[in-house]
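K.L.:
Chains as they are written, first to last, in the numbering used here: chain A, 1 to 320; chain B, 321 to 555; chain C, 556 to 925; chain D, 926 to 1219; chain E, 1220 to 1480.
Treat the hints with care, since some could be wrong.
To be verified - No farther apart than 20 Å at their CA atoms in a straight line, the calculated lysine to aspartate or glutamate pairs in the EDC-like style are these: (1) D:Lys1055 / C:Glu814; (2) E:Lys1295 / A:Asp156; (3) D:Lys1040 / A:Glu188; (4) D:Lys1087 / B:Glu403; (5) D:Lys1213 / B:Glu415; (6) D:Lys1213 / B:Asp410; (7) E:Lys1423 / E:Glu1250; (8) E:Lys1374 / B:Glu403; (9) A:Lys140 / C:Asp793; (10) C:Lys661 / A:Asp156; (11) A:Lys140 / C:Asp679; (12) B:Lys396 / D:Asp1111; (13) D:Lys1213 / B:Glu403; (14) C:Lys844 / A:Glu276; (15) C:Lys661 / A:Asp34; (16) D:Lys1087 / B:Glu492; (17) B:Lys539 / D:Glu1103; (18) E:Lys1332 / E:Asp1316; (19) D:Lys1040 / C:Glu809; (20) D:Lys1040 / C:Asp829; (21) E:Lys1295 / A:Asp34; (22) A:Lys202 / E:Glu1298; (23) C:Lys712 / C:Glu737; (24) E:Lys1471 / B:Glu492; (25) C:Lys913 / C:Asp793; (26) D:Lys1206 / E:Glu1298; (27) A:Lys301 / E:Glu1292; (28) E:Lys1374 / A:Glu190; (29) A:Lys140 / C:Glu746; (30) A:Lys117 / B:Glu418; (31) D:Lys1213 / E:Asp1450; (32) A:Lys140 / C:Asp674; (33) E:Lys1374 / A:Glu188; (34) D:Lys1055 / C:Glu809; (35) D:Lys1206 / B:Glu403; (36) A:Lys301 / E:Asp1225.
Simulated from the structure, these hints should not be mistaken for lab results.
Each chain, written out:
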Amino acid sequence: MMNRLFEKGRMKYIFALLVFAIGQLLVVTGYLNDYLFSTLTTLCINIILAVSLNLITGFTGQFSLGHAGFMSIGGYVCALISMRIPTVPGFLLGVLTGALAAAFVGFIVGLPTLRLKGDYLAIATLGMAEIIRIIFLNLKITNGAAGLNGIPQFVDWMWLSLFTFSSIILISNFIRSAHGRACVSIREDEIAAESIGIHATKYKVTAFVIGAFFAGIAGGLYASYFYFLRPTLFGFSRSIDILVIVVLGGIGSLSGSVIAAILLALISTYLQAFPELRMVFYAVALVVIMIVRPQGLMGSKELSLDLLKGFGRKRQRGGS
Amino acid sequence: MLEIRELEVYYGVIRALKKISLHVEKGEIVTLIGANGAGKTTALRTISGLLRPTSGSILLNGDDITQASPRERVRKGMSHVPEGRRMFPDMSVLENLELGAFLRRDKEAIEEDLMRVYERFPVLYERRKQMAGTLSGGEQQMLAIGRALMSRPEVLLLDEPSMGLAPLLVQEIFNMIRTINESGTTVLLVEQNANMALQIASRAYVLETGSIVLSGEAKELMESEEIKKAYLGGN
Amino acid sequence: SNAPSQPAASGDDAEEIKIGINYELSGGVATYGQANLEGIELAVEQINAAGGINGKKITLVTYDNKSDHAEATTLANRMMTQDGVLAAIGPATSGAFKATIPVAEKNQIPVVSGSATADDVTVDAQGLKEYAFRICFSDSYQGTAMADFALNTLNAKKAVIIMDSSSDYGKGLAKNFKEQFEKNGGTVVAEEAYVAKDTEFNAILTKVKGAEFDVIFIPGYYEEAGLIIKQARAQGIDAPVLGADGFDSPVLLELAGAEALNDVYFSNHYSSLDQDPLVLKFIEDFKAKYDKEPDAFNALGYDAMNFVADAVARAEKLDGTSIKDALASTENFAGVTGSFSIDENHNPVKSIVVIGLKNGVQDTISRTGE
Amino acid sequence: MGQFLQQIFNSISIGSIYALIALGYTMVYGIIRLINFAHASVYMLGAYIGYFAMTYFGLGFVPSILLAMLICMIVGVLIEKIAYKPLRNAARIAVLITAIGVSMFIEYGMMFLVKANVRSYPPMSGFLAKSFSVGAMTITAQQILILAVTIILMVVLQIVVKTTRTGKAMRAVSQDREAAELMGIDVNSTISFTFAIGSALAGAAGVLVGVYYNSINPLMGMLPGLKAFVAAVFGGIGLIPGAVLGGYFIGAVEVFVAGYGNSMYRDAVVFAILILVLILKPAGLLGKSGREKV
Amino acid sequence: MNKVLDVRKLSKSFGGLAAVTAVNLHLNKGELVGLIGPNGAGKTTCFNLLTGIYEPDKGSISLHRDGQEYSLEKRKPHEICRLGVGRTFQNIRLFRDLTVLDNVRTAMNRTVKYGLFSALFHIGSYHREERELIEKSMELLKIFELDGKALELAKNLPYGEQRHLEIARALATEPALLLLDEPAAGMNPAETAQLTRTIEWIRKRFDLTILLIEHDMSLVMKICERVYVLDYGMLIAEGTPEVIKNNPRVVKAYLGEVAYA
Ligand SMILES: Nc1ncnc2c1ncn2[C@@H]1O[C@H](COP(=O)(O)OP(=O)(O)OP(=O)(O)O)[C@@H](O)[C@H]1O
Ligand SMILES: Nc1ncnc2c1ncn2[C@@H]1O[C@H](COP(=O)(O)OP(=O)(O)OP(=O)(O)O)[C@@H](O)[C@H]1O
Ligand SMILES: [Mg+2]
Ligand SMILES: [Mg+2]
């Protein structure tokens, strides 16, 4: 019984290593050309964004439309640092500082606004992201509308997979901890959660800050793969794109977010061949998927966890 | 008046009602009792059209209404006090009551019925301007019953009307069900308070995990050892 | 077939000449991408109808970058590493175009933009982008020219700037105009901003109206400029209005109305008052194909395609490097947006015209520049 | 002083447009708790229908706006039937994503059909071409028209929702769909009716804005749509007077920030004020806040 | 001085409606006290005031625990819970989409010592503490015979078991004082009898003081040592079940003319 209830969850590390190794093999042998790699980079960035937004919106139940704002902070800070220190340590310093800056802003913004509920929170976060964007649009150091160019490129498969997997794993670890469960209970019923001693504001802000941190990492990766940043990249529609992935994958399912990000990347890549109707088909696909699976691809289930449980049960049965 | 034949209802793969049949004659009070999760609410929801059965049929006054919408059923004289009261929380008590008479156009008669409901539940009159969502549990229950009466139903489906009510009111509610019945409304009553239910009902059905396991005259059932032990608290 | 990054058949033995088209066909600035593409497609039709280049037909590999700069990068990668294009045209806006340049450099495939006007597109602090070319003016060139025009031709001393702060085009023009204007004795008394797709400008106009000034400079595109001029004139502001090539579209007239378009001057590549037969033929052909008047983006797209075709025809070999060299050595290319040569910074050297409107029609032109 | 009055008038005219679009958001939200992102697209559609009616069929203003309202009404009802109805029992956020999908479909579908370029409405004649000067201010007939339409619609809708049978049915459906069915309310047609009204409003707004600014494009719904959505929530989503108040509020803040502050930071200041106000009034300007009863 | 709860002059009104007016209550350690009264008398509102969901207009609430006195009237619900007040809700408020185990486990959060860092990296005492949490939760569930359904979603439990789970969840917060709001609502007499036994049993097992709202007199009269009666927000009577049963005011306002066993 105990084993069934309490999983150590080592599988995910093995899985991550495996994916990394396969990827590395493809890179070394040259099968992963620049085009595929840039598609892959976009995908991984989307995964990090979706997984971190899922923590805020899916698990903690706080409807946020401002994720692009956090991403942009991570991106700009990372770019500004790595342009001045164009070395790998500079890049890493940039990504981490960017993520911390995003987390800090998340804290400052989250503290007052997380009192708001539902759609009111949504427009407050949307407003926050717009304010951040307009500031970047008018700052000297970020070069306004033209944005930053010539950001040194450090993102390769190693860094990409390292950051992607650690984002997924850390967030999933968090969710499967007492702190994570506190967040989920707030989503389920805030009043009941408070009545069992959960400091709702504290946990909402915690989730918001962690989510912002990882969005910041995604921004940093973006800056240092695509060489450039501009305020227009972080508009309302990017936040919406991330939300779409989260809901499509399943609110409260990290593996769902990953799967949905992959699926949408596949659809979008496939549709590149139809430039005129690309977005129309994409929209249709979105609507159809939602109608067919309103709860999202995975609902609130997790892929890996269920597989593990399946294994566990089989082993038990075999043993007795 | 109301007849259910071989009704079968599924929630996904769960079979909540297993081919149940029952009937309620005009002017009767019939009660449906059973443990938590037996399927009582499911039965009522199917009868009033909120749920669709996979098979079986429902007849009202001889007409097959299995495929009818809830609206048509209301028009045909059915009224359902649902589990959990389900008032419209951001509307006033008065508006809730008016909605009960939604399909009626006879303004004056509606006004009369409104007065009758206020007479029955004076609290509702006191609170007529308050938002229904802020009423206490018991007040909400009264409102739910009052609202159902506003359609002048021929058949009234009641799902646990005594839940959460003060003892005095439980009494009153049951008395009222009796009066309502005496003034010509047929009643199908689902109750946890089996004691009281059996006292006012003429006949009863006992539902267990989706099947009817017992039925008969209410008085007889009240004497049954089995029923006493399972539903009446044993002592 | 699974050999890594081996571009599909290309080079001298290819049957056709593949040109990548990487444009904003949907999303926020789709207007400009679509307009460029119309010009390009017209050019390709004409070239192929005339037998192609040295007997080889041009085929376009067209992608929509959704006005997303990262997507532009990805698509540049796709066309260069998988589709084997010889050269790529687009994107339309400076930002998105810049996003494809590192890919071009890496794959040694030239990229050309018809409308990326920012100053640092082809050269920046790090030096010349060997594989990037453009055929339009830079912002500083136009901004300076319009400041000179304001000071010298209109004798203006005080100017108000109302700029599109959401595009680097608007900001770049504003900056250069201001520098030049103030260097030569003018003052900018107010700087106001709007963002692309705004339709309501009365608030800033009411504010501006309170100031004293001789001209208004509107660095931005016709979509908003048309409305600004209309609303300004309706408020009784009748100072001369200056703009740049972003004004050049028949839509400007439709939006602002003829009465509002008096005392409006903007810099451009060509004027319909030009009786250049090349221009006249282009306008005629364009009208025949699309049933509308061409605007600046149509013309620039048309020229960009012909510019590339011209270089392909002159190239020693059919590969990126040779075409790049051919592009770089273009001399006196006769385009509908003026004839030009490519300078050492991969910018066109062409003269600028300042067009004056009267009741919405082109009335005066003055030429400056090389 | 004249400038100040003029700015007040400016804020009223832009506010009217936000309010007009916000009304449709709030109507639909009121009944199915959905921020109907497709609303802004229907508004764009309305503008194009008006445009084609006027330029290709030579219809006048009134028939054009009626036609746009009619077609938008049909489109709105169809959208609900095809894309939202199957998700009646799904999470609200799932429907939101569908709405975003529908909105993209309409916008990009339109972009495919008519291209992305800006089109302009034909110049108006008659009353609609007039303008009046009051002191130092100039007021156009079109501004008066939009203001009047907004206020009249708000009043009419408020009366419909608060006093008529249908209005009561709408409110009942929004609060408890099942209970509404038990009252004999036809939930489907009530929802359809709401979409019909909301979409007709969008269509009308599209034509009015087309006439007013004479500039339309397939993405014209995005920015005002976003602002109107913000206005609707800000006023207290689901509340008709809230939508109008929110619209005017946002319009006024925008105009006064641009007119007396720094127009570079216009939208940033608008949002900052919005967030501050929400922190003080967490359920919007007119919304009732307070903890739910437990 | 073995008082656990001392409420003085507690008042709360909503708009013009005085829901609770100058109510005094006190509970001694280990007592099981009933709070009854007609519908809308203000019982649930009292609970909401005690647990910080509403802030009182007037009056004081003090909790005594481990020789300390804490005043509750300005505190937030989660602080009050941490001081040792647990509750259930009149309309069940479980975490419906969480498992039975998680419902209880989440309520044990305050015993968790590992920090955010351990939570993110699953290091430090994470594994040990998590294991302990599960063990403790399962023990608690066993008491309510819910251990077999630990991995079911709360919303899939039958009603009666949901009520039990809610009590288990409240107990998981290790309260000294437990507030139960109509625990027997929606149960049939047999189930109510079972619940009555459970309540008595947990009181002993966890050394609890219990305040209980209930309309089912068979339960109240059987297990409550004292009963408070509210009417129109005011306390109209207080005493042993015997006394209350025969108080004419209570009979008139609340009980009606029936004899209760
Ligand atoms: N929406 C639903 N989805 C899945 N299962 C359901 C649903 N509603 C009810 N059930 C299940 O169907 C069975 C019958 O439920 P029902 O609500 O009809 O019982 P009941 O007799 O009214 O019980 P109670 O006395 O608790 O009200 C139960 O096992 C319940 O868990
Ligand atoms: N948030 C609120 N807003 C307005 N009125 C309220 C609110 N909460 C409670 N009330 C009112 O306060 C009174 C007391 O309500 P309360 O829920 O405390 O009653 P109760 O004694 O628990 O009744 P019941 O036994 O029916 O549950 C009721 O009249 C109710 O309408
Ligand atoms: Mg039931
Ligand atoms: Mg209560």
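K.L.:
The structure should be examined with respect to each hint, and the outcome stated for every one.
P.N.:
Here is what the structure says about each hint:
no. : hint                  : result
1   : D:Lys1055 / C:Glu814  : 15 Å, holds
2   : E:Lys1295 / A:Asp156  : 49 Å, violated
3   : D:Lys1040 / A:Glu188  : 46 Å, violated
4   : D:Lys1087 / B:Glu403  : 28 Å, violated
5   : D:Lys1213 / B:Glu415  : 19 Å, holds
6   : D:Lys1213 / B:Asp410  : 11 Å, holds
7   : E:Lys1423 / E:Glu1250 : 10 Å, holds
8   : E:Lys1374 / B:Glu403  : 16 Å, holds
9   : A:Lys140 / C:Asp793   : 33 Å, violated
10  : C:Lys661 / A:Asp156   : 15 Å, holds
11  : A:Lys140 / C:Asp679   : 17 Å, holds
12  : B:Lys396 / D:Asp1111  : 15 Å, holds
13  : D:Lys1213 / B:Glu403  : 28 Å, violated
14  : C:Lys844 / A:Glu276   : 18 Å, holds
15  : C:Lys661 / A:Asp34    : 10 Å, holds
16  : D:Lys1087 / B:Glu492  : 34 Å, violated
17  : B:Lys539 / D:Glu1103  : 35 Å, violated
18  : E:Lys1332 / E:Asp1316 : 26 Å, violated
19  : D:Lys1040 / C:Glu809  : 17 Å, holds
20  : D:Lys1040 / C:Asp829  : 29 Å, violated
21  : E:Lys1295 / A:Asp34   : 56 Å, violated
22  : A:Lys202 / E:Glu1298  : 12 Å, holds
23  : C:Lys712 / C:Glu737   : 9 Å, holds
24  : E:Lys1471 / B:Glu492  : 13 Å, holds
25  : C:Lys913 / C:Asp793   : 13 Å, holds
26  : D:Lys1206 / E:Glu1298 : 25 Å, violated
27  : A:Lys301 / E:Glu1292  : 41 Å, violated
28  : E:Lys1374 / A:Glu190  : 17 Å, holds
29  : A:Lys140 / C:Glu746   : 16 Å, holds
30  : A:Lys117 / B:Glu418   : 31 Å, violated
31  : D:Lys1213 / E:Asp1450 : 29 Å, violated
32  : A:Lys140 / C:Asp674   : 17 Å, holds
33  : E:Lys1374 / A:Glu188  : 11 Å, holds
34  : D:Lys1055 / C:Glu809  : 18 Å, holds
35  : D:Lys1206 / B:Glu403  : 35 Å, violated
36  : A:Lys301 / E:Asp1225  : 46 Å, violated
Taken one by one, the earlier hints fail for this structure at numbers 2, 3, 4, 9, 13, 16, 17, 18, 20, 21, 26, 27, 30, 31, 35 and 36, listed in ascending order.
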